[in-house]
Amino acid sequence: MKAFLISPNHQTQGADLTVVEVEQNADGDARLKHVRALLDCEYVQMFEPLPGTCLAGHILVVDEDGLSKRPAGFLFMPKIYPTPLAGKILVFARCDTADGEIMASATALEADIRALISCAYCSPAFAKAAMKLHEDSIRRNFPDVIVAPGSQSIQP
Numbered sequence: 106m107k108a109f110l111i112s113p114n115h116q117t118q119g120a121d122l123t124v125v126e127v128e129q130n131a132d133g134d135a136r137l138k139h140v141r142a143l144l145d146c147e148y149v150q151m152f153e154p155l156p157g158t159c160l161a162g163h164i165l166v167v168d169e170d171g172l173s174k175r176p177a178g179f180l181f182m183p184k185i186y187p188t189p190l191a192g193k194i195l196v197f198a199r200c201d202t203a204d205g206e207i208m209a210s211a212t213a214l215e216a217d218i219r220a221l222i223s224c225a226y227c228s229p230a231f232a233k234a235a236m237k238l239h240e241d242s243i244r245r246n247f248p249d250v251i252v253a254p255g256s257q258s259i260q261p
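Going letter by letter, the sequence shown gives residues 106 to 261 in the numbering used here.
Do not rely on the hints blindly, as some may be mistaken.
[Said to hold, decoys possible] Below, simulated DSSO-like cross-link-like pairs (lysine-lysine); rule was C-alpha separation at most 30 Å, straight line:
(1) Lys184 with Lys237
(2) Lys233 with Lys184
(3) Lys107 with Lys138
(4) Lys184 with Lys107
Calculated from the structure, these hints are not laboratory results.
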């Protein structure tokens, strides 16, 4: 199945986009082993992009331990997700089935994603500041909520 792989590039301080073919099992589901190999990680986490963008109806699959890798590369795309994401990102379409949500071949246009990531790379210092602002905003708007400070995990 078709997916988009977005990778931070430290040398160019940009984001690279690659169209990849993800292995599937007999049921047509993405093989988690291949997803982890593409992301260069052991554990993955899925996010749903904000509505109203070219990635509406898609799923972002990221390295759950991306913050702990050195040097961590960060991608900040506030139109699709409110905080910076560390490491590589795989983009799949979301497909609702009787058994729940599954990943399907991405349907977004490559040109739209290239435009979206054209200035997505951000430094660890900027990622830390952006995440801290987001955490503070949550604390202001929801004073009774406990916010786990992810910004403290980022080493500028």
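Do the hints match the structure? See the list:
{"no.": "1", "hint": "Lys184 with Lys237", "result": "holds (18 Å)"}
{"no.": "2", "hint": "Lys233 with Lys184", "result": "holds (18 Å)"}
{"no.": "3", "hint": "Lys107 with Lys138", "result": "holds (16 Å)"}
{"no.": "4", "hint": "Lys184 with Lys107", "result": "holds (23 Å)"}
Violated hints: none; the structure is consistent with every hint.
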